[in-house]
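Participant: Protein chains in written order, with the numbering used here: chain A, 1 to 468; chain B, 1 to 358.
It is worth saying that the hints were derived from the structure and are not from the lab. One thing to keep in mind: the hints can contain errors.
Claimed, not checked - Looking from chain A toward chain B, a few residues come up when the C-beta cut is under 7 angstroms (computed):
#: 1; residue: Ser109
#: 2; residue: Gln159
#: 3; residue: Thr162
To be verified - Partial list, computed: chain A residues near chain B (C-beta under 7 angstroms):
#: 4; residue: Ser65
#: 5; residue: Ala98
#: 6; residue: Thr168
#: 7; residue: Ile404
#: 8; residue: Ser407
#: 9; residue: Glu408
#: 10; residue: Leu431
#: 11; residue: Ile435
Cβ atoms here follow ideal geometry from the backbone N, Cα and C, with glycine treated the same way.
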Amino acid sequence: MDWDVEVLSRIQFAFTIMFHYIFPPFSIGTGLLLVIFETFYFVTRRKVYETITRFWIKIFAANFSIGVASGIVMEFEFGTNWSAYSRFVGDVFGSPLAAEGIFAFFLESGFLAILLFGWNRVRPGMHLFATIMVALGSILSGWWIIVANSWQQTPVAYQLVTEADGFTRAVITDFWGVVFNPSAGVRFAHSIIGAFIQGAFLVLSVSAYYLVKNKHIQFARKSFSIALIVALVSSLLQPLLGHMSAGIAYEYQPAKMAAFEGLYETQENAPLYLIGYSYPEEEKTYGIALPGMLSWLLSGDTAHEVTGLDAFPEEDRPPVADVFQSYHLMVALGMFFIALTLLGVFMQYRGRLWQSKWVLRLFLFSVILPVIANQAGWYSAERGRQPWLVYGLLRTSDGVSPSIHASEVWISLTLFFLVYGLLFFVWLYVLDKEIKHGPGSHTPMETDYHGRQERSEHLPRAINDQNS
Amino acid sequence: MDYNVLWFLIIGFLLVGYAILDGFDLGVGALHLFARGDHNRRLLLNSIGPVWDGNEVWLVTAGGALFAAFPHVYATAFSSFYLPFMLLLVALIFRAVSIEFRSKEPGAAWRNAWDRGFSIGSIVAALLFGIAIGNVILGFPIGADKEFKGTFFDLISGYSLLTGLFNLVMFTMHGAIYLTLKTEGKLREQVRGWAWRAYFLFVSLYAILTAITLYLRPEMLANFSFGYIEPTGTIHPLIKEYQVLISLIAWIVVALNFLAILNISRTLSRHKYMQAFISSALMMASIILFFALGLFPNMMVSNIDTLYNLDIYNSASSAYTLRVMFILALIGLPFVIGYTSIIYWTYRGVTRLTDSSY
């Protein structure tokens, strides 16, 4: 491989967005659960729901802060590494990004202040309202980002304009056409439900951990039961949304659909692989397949002819091997989530869940799987769009900044590897601490390491601040 | 007035909002290591705890708005400022997570490390913003294709380092004045001392920087000069038509700036901290207005040829997009101002540590 600016910038973008994309689904998913927990607290005023809400606020905060911090990087990378792309699509792509700032980020970050610090400062109704606004803000922020990304997948409502200096760019002809582009709605629903699953599995995992350890029993049972319903409903909805999303991909990005299923030849009776491996050099996919199933899923008729990769010139084909693998990984994990949540609900219905340590352990260790599924889903969606940055309009190689040097990208890439690596371990460490510390105590750990100095300039510490 | 001018004003408004708001929390960060004792450091951290994240959103939104309204400026600025921007991102990341993680562990080594992350991140960010502004004043090597023609070393000059330092001192002073509102007792006396020292440093640097700027870039004064100084590059019809009015407004801003600076010292010595903070905010708003008045209608000036300047027309999105986005901004900004006010009202008064503090 030629380690030029394009390749390095792609690696950097992939790395920074995959790191970033660990956190927003956690925030969106646990955000929804926080709303549910706090509503229970607001309605019943029972202590256990207060404990649950306040514990999950702390976990939420740790995820949220890294999500926000790594999100700023994403916004600026379009300009730093992809300036030609930014010039080409600024008219279209910049608008949802600006709308995200105006309509989502301000909402989210404003009410976050009350969510995190307002427990003793505002009335419970106001606090619940703030929690709802933060959850809503994070979902809206997802909406605008997916609008922007979906337009790159299914560009509509634009025209190409060549300016006096010979520069061609895409210009919006209908703003709402861009916002409600053909893939935006269903991709949004698919991603948000993926985030709900990821958040719910975090709550399930932590609760299962306490149940296995026989700690915080009441807290853990209540959290588990609520999260299980969210996880079950989301997992059951997900294949339906995934199916709709695939249908739209087939309609607008047939090469991507062919890569998802490793379909090299245009054929009737196209098979659906349950598991397999695709060899682009041989143009063959091996594995266990259901004949005609892909045709049937895409059209309702097993005899339907599905466009294969052979319909596209070599230079317009996405890389098949890893698109195929990541897509199938996502689907397989999605099936597993249905099985596991159904098992959980069944055991609970039978009244045996709390005694079945093996089921709880399964939930405990499954926390990582939705993260992988969400990453794999995005990976296949983005990699499947290649070699296009904007599908059919702008090639990735034409989007890169002409004025930056490979050495500069090497430096920034190394910097991100080091910083994100460090952050990732700190995040795990802090989360582990918080979880082991457990719910119940809200007092931050006091320290006396500056004890001497503190005694000499001691200030009275107010127990609460209601009078200020 | 067309949508291009309106968007120039909206982005200016977002940047003023950013400078005033994130300015003080970056300033608090720059001062953080001067605070002695864990209790005092926690007080400093919690004085900005509920608001810093919302403050930073002004930058994110300004970035998004620049991308949507003036994509060429967005693309040129960020790609030419590549390495400094990457450094800025790392600084902002460190700062953000330091605030969140510092108080999660009681150990001295842990807390000291995050204290440094918070403070150094804040200082580096404040310096880099200033360096960026210095470069915009000096002009970039921008070619006919709107792309940067220089290297990293073209961005580092004595002048840009000076503007970086100036910005750091300005934010530090602003942060110290903010802290006078949020602290009490002995700590407040200490904070007041910082504010005074930063103030004197600020005034001296300001005088030096103004002199050097006028010497290096006299055309920055064109819009202040009633037509005596020729601006470079495109001249906006608004300027031609309303030269006297624009120069008058510019001089009113100068007067406002001067009065605001004097009022900071007057109110600081009389312990009227809220007034001092408002003066400091007005001073920063007027400095950004100078900058905007000096540039308008350009946004980035090419030092290769003024024909290559990026102005509010040759770097803008289509008229349709500017109009639609203007309507969206008009709907959104009142909400933004609304929640910002609610949050600041909720967290008014002296900071005290509670069980949900950092």
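Participant: All the hints need checking, so say for each whether the structure fits it.
Facilitator: The hints, checked one at a time:
no.	hint	result
1	Ser109	holds, 4 angstroms
2	Gln159	violated, 9 angstroms
3	Thr162	violated, 13 angstroms
4	Ser65	holds, 4 angstroms
5	Ala98	holds, 4 angstroms
6	Thr168	violated, 13 angstroms
7	Ile404	holds, 5 angstroms
8	Ser407	violated, 10 angstroms
9	Glu408	holds, 5 angstroms
10	Leu431	violated, 10 angstroms
11	Ile435	violated, 12 angstroms
Consistency note: the structure conflicts with the earlier hints numbered 2, 3, 6, 8, 10, 11.
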